[in-house]
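Student: Chain by chain, the residues run as shown.
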Amino acid sequence: MAKIKSLEELKKLREQAQNNVSLRVKGDNIEKMIQIRVAMATCGIAAGAREVMTEFIEEMDRQNIENAVVTQTGCMGYCYAEPTVEITIPGQEPVVYGNVDMDKVHEIIEKTIKNGELVDGIIPVTHKTIEE
Amino acid sequence: MSNMINITIDGKKVQVPAGSTILQAAQTVGIHIPTLCHLDLHDIKMVNQTASCRICVVEVEGRRNLAPACATPVAEGMVVHSNTLKVMEARRTVLELMLSDHPKDCLTCAKSGECELQDLAELFNIRNIRVSGTSMSTYKKDISPSIIRDMDKCIMCRRCETMCNQVQTVGALSAVNRGFDAVVATSFEAPLNETVCTYCGQCVQVCPVGALTEHDSTWEVVEALNDPDKIVVVQTAPAVRAALGEEFGLEPGSLVTGQMAAALRRLGFDYVFDTDFAADLTIMEEATELVDRLTRHLNGEDVPLPLLTSCCPAWVNFIESQYPELLDIPSSARSPQQMFGAIAKSYFAEKLGVRRDQMVVVSVMPCLAKKYEATKFEDDNNQDVDYSISTRELANLIKRMNMDLKELPEEDFDDPLGESSGAAVIFGKTGGVIEAALRTAYEWVTGETLENVEFEDIRSTSYGLKVAHIKVGDLTLNIGISSGLGNARALLEEIKAGNPNNLHAIEIMACPGGCVNGGGQPYAHGDMKKIQARQAALYREDCGKPIRKSHENPSIKKLYEEYLVKPNSEKAHHLLHTQYTAKERV
Amino acid sequence: MADTKMHVLVCGGTGCLSSNSSDIVDNLIAEIKAAGMEDEVKVLKTGCFGFCEKGPIVKILPDNTFYTQVKPEDAKEIVAEHIVKGRKVERLLYMDPEKEQHISDAKHMDFYKKQMRVALRNCGFIDPDNIEEYIGRDGYQALAKCLTEFTPEQVIEEVKKSGLRGRGGAGFPTGLKWQLARANDADQKYVVCNADEGDPGAFMDRSILEGDPHSIVEAMAICGYAIGASQGRVYIRAEYPLAIKRLENAISSAREYGLLGDNILGSDFSFDIEITFGAGAFVCGEETALLRSMEGNRGEPTTKPPFPAEHGYWNKPTNVNNVETFANVPVIFLKGADWFNKIGTEKSKGTKVFALAGKINNVGLIEVPMGTTLREVIYDIGGGIKNGKKFKAVQTGGPSGGCLTEKDLDTPIDFDNLVARGSMMGSGGMIVMDEDDCMPSVARFYLEFTEEESCGKCTPCRIGTKRLSELLKDITQGKGTEEHVKELKRISQVIKDTALCGLGQTAPNPVLSTLAAFEDEYMAHVKEGRCPAGKCTALLKFFIEADKCKGCTLCARNCPVGAISGEVRKPHAIDQEKCIKCGACMDRCKFGAIVKH
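Protein chains in written order, with my numbering: chain X, 2 to 133; chain G, 30 to 615; chain S, 4 to 600.
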């Protein structure tokens, strides 16, 4: 590692380094973030949930979207509609999308994450979790 | 006056320089705040300011707790109370705590009567110790030939440590252990004789209690005096006569040479002699060695220079353990005490027609290292000097034998080992040995008579380190003088660094100020004026002597004619010279 | 890197490491690799999470799952279930003791809810051995800001404005301390970090050094810039090997990145840090003793003045702050002094880290805003008293502090309030005691500690603490009299008034504060020969209640000294002369017929 010789160099390094910890920072401030929870039970994974999750992470990274965090969760019970993704905008009720494919990922990012608009494919919520 | 500070102590307004302590400020208005650990020997650059005993605490308005007067600097507008009930109660309790961990064997303690803790207990009328706990910190007694360490009595004032490490730079003593078991000890708690201790006895001189005392030999001396088969000969060192009177209430600096001789005679010594005689003898040998080394040096020979004096046994111990690489430079002359013993048990014994084992030589010394020196390289059954006692021990013997020195007549020493020059008597003060040597060397080198024997440049120093340049004919002799082993270290470091000042001779005395301030002298209790008074007394004695140069002492001349042939002869070497060995010690 | 979607943080603090957290890390990595997810999941060893009661801790982000008491063999399940399938491992989740529910998200745990982590901001969050993680968390930005935007005087002003006070115990204003050190001119000055954490039970400094060493390095450099020092020293006890390792690593990477050394960030400020080891003497936490020890001398305090700001390390102007104090410094510059001074109480700003210990459910390390009440700390964060016992007292400030009681529970904790109630903040140890704790015994415990740890320099501390502990020993052994209690008070007061350093002056606090609140308990010991808490064995007596005793002889057969006698099927009796109070009879009795009091 070459020595950091100026404030600018330090700032540059910070920006690179921030990526490494941003995931944790987001986790730490999760209540202020849009949460994208991908159901990653066996059925979900079999239906392509892993690819969906990866696409969410990578696409948001490409677009430098800082206000959303991708986490995984277990089976939400909508096995007929896997892969399923639950989107929670702070202060709003969560919505669940079913049969999410790559196109849907991009649509959700463009409309829901960036603009807060809902898109097609919402599954009606059938239960509440104990946490909420 | 901006650097003067105004404070109030017990309602009295006091103005003192900034940086003064409350204690110093109080002293200027006659308020005597009691102290114990504190010891201000600023003349020799030692102030023991550990502030550890907490006896001198006072109330300072606006301060949460009590302040140690000895270590708290004055601040403008400070209001101090030195005698409130709170202060008194604190001092009393601190004192009781201290006494609760102190042996109550004052009856048999060597410091009884001189003990500062005892004085405080008396001052505070401590009649019972209101402390229930009875556990005591106990340690093994350490008995060396010179000094006895009884650490059960240590009160952790750390004066000895400060003296040993900061003034003397010997490093034999430092605090070890923690809490209740904390005590001043040697490295690895080894006995003193396995350490770098030089036996200079300055620790004994400053110890306020009976933790450090001399190894007493007075009863052995009494036994010898009462042995009809022994001829008991006594020698007294120069510095003794200038201090012994203090033990009998005389002013510091009173000369009691005559009364001392009378007392020794009445104690039963068969011959009352003077170490001064041997000091003259030392000059004969040492000056010869100096002139010899100088001559060879001037002739381009590679000789070890500067010549270091070797009269002081603590100094010899110091160089042997701390500077073994410099052991070729001290003079090989033995000390006056040892020269005296050797001559008494050979020349004088032969004169009397007695065997050396029929003779007992006792020395009275201002010094504790002399006790060790007497045992060094010696056959235990017949040492050249059998017993060495300190000035304090002699005073005690005189009192024990129901005499008061003040009331005795002045008497002379016996012949032949009692005759001495003025040069010999100044051996007891820093600069004295080298001045004595110069008086003789000057005349030997130049062949001229030295008219003014008092070398003012050398005399000007009472303590510390001094470099003087003395004209001896065409030659300028560069002389180093140091008293106190810390100063000796500074000179030795200079020599190790290549002797940049081109010193030709160095006199070293281990005790600050010289033998007048020796470890065996009456306790000065931090009063350095006493030391200076003793120094002045020796110069007075010198001044009053008809003969002031060692080589003019008729008894010395006779000794060479009859016995030793000449200085540095083979016989002289055998009896009067020694060699040094490096000591590995912790 | 971009597709890392999960971070698994494993506590690498000393406590969790000793419960095999290293093996957990290894197993997690192996399992993740076996699942083929090593590119997506990152495993990090972090500093302490503070919830030591339930360690080892594994935290999974970004979903904030908090697993407690994880064993190395649990790695397989965590990976297979949570990481691969997204199903939380229920049995490893923290169980809320009151609601008896598993809580998955750390944010919802009471333990964390009321905490505010400033000094501990990065502990349990970043990999302490990776400087870039620290930089990613705005690390060294504060130093950069100071060097480029502030003069040294402005740095000191900012610290003064923040109201930060020393976290080592006495709460001296940090900015003022820096100013004093700046005011003294010298060819060399020193910044010293006091990492000689010695209070029994306190471990916040160790945790910070283990979890966020760079924050200390950065703060020391800021301090160096402010006071005009180019040399820093960390005095750390050799018993903290992990903290030393992480700190050494932090210093060397800071050097490598040019954040220590000559001309930092292109400025003309140069600064470097060295580590000095201490041997773990309590008194070396006192700054003058610390400096003497650093110089290679006996660790003993010296009288102040002169203060280290004038004559410190090697007699040069020196500023000594403790670890937690330094840990706050970068935040002050990142968020601003005004942000900082809004936290806390009027005279105590910011947060304070406490080490919770004793009879409390959630033992661990917590950080709360100054002004939080003891009740919130003990009941909300600490989860209350163990086994549903009754709260009796809490010792704050370690052996130098005092006991606070029921009536102090709603006192907002800050420097001045604690002192006003006869205790002190100290370094933040908090030991909770319940109804079973005997206060004279508690005082004795602390006095035995200070007696051991006294350096022995001054009389009141060397002998006085010994005498106090002897008196307390007598009292707890039933040999005390009312005179003992009087003497305790008298000697305590004199030690407080006359001891040389803070250790000595505060040593009697446990005695004085327990006497103030529980004098009746002392009196019960000395007047009635009774220990109300039933703790002092010497004062206990065992009795058989005749109406409950069935005469089964079990107790008599189990008494090791034959002190119990009686006929079969008739009530037995204990010979008090012979009884050694071992309690074996009480343990064996099936009818609850044996009582002690």
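Among the hints, a few may not be true.
Derived SDA-like pairs: lysine to any residue, alpha-carbon spacing no greater than 25 Å straight-line [what the hints assert, rightly or not]:
#	chain 1	residue 1	chain 2	residue 2
1	X	K12	S	N133
2	S	K116	X	I31
3	X	K13	S	S273
4	S	K338	X	V96
5	X	K6	S	G231
6	S	K307	G	V205
7	S	K36	X	I110
8	X	K12	S	N266
9	X	K6	S	L268
10	G	K380	G	D331
11	G	K405	G	T324
Hint data in this document are derived by calculation from the structure and do not stem from the laboratory.
Student: Does each hint hold? Answer for all of them.
Tutor: How the hints compare with the structure:
{"no.": "1", "hint": "K12(X) with N133(S)", "result": "17 Å, holds"}
{"no.": "2", "hint": "K116(S) with I31(X)", "result": "14 Å, holds"}
{"no.": "3", "hint": "K13(X) with S273(S)", "result": "22 Å, holds"}
{"no.": "4", "hint": "K338(S) with V96(X)", "result": "36 Å, violated"}
{"no.": "5", "hint": "K6(X) with G231(S)", "result": "21 Å, holds"}
{"no.": "6", "hint": "K307(S) with V205(G)", "result": "23 Å, holds"}
{"no.": "7", "hint": "K36(S) with I110(X)", "result": "30 Å, violated"}
{"no.": "8", "hint": "K12(X) with N266(S)", "result": "17 Å, holds"}
{"no.": "9", "hint": "K6(X) with L268(S)", "result": "4 Å, holds"}
{"no.": "10", "hint": "K380(G) with D331(G)", "result": "42 Å, violated"}
{"no.": "11", "hint": "K405(G) with T324(G)", "result": "32 Å, violated"}
Violated hints, in rising order: 4, 7, 10, 11; the structure is consistent with all others.
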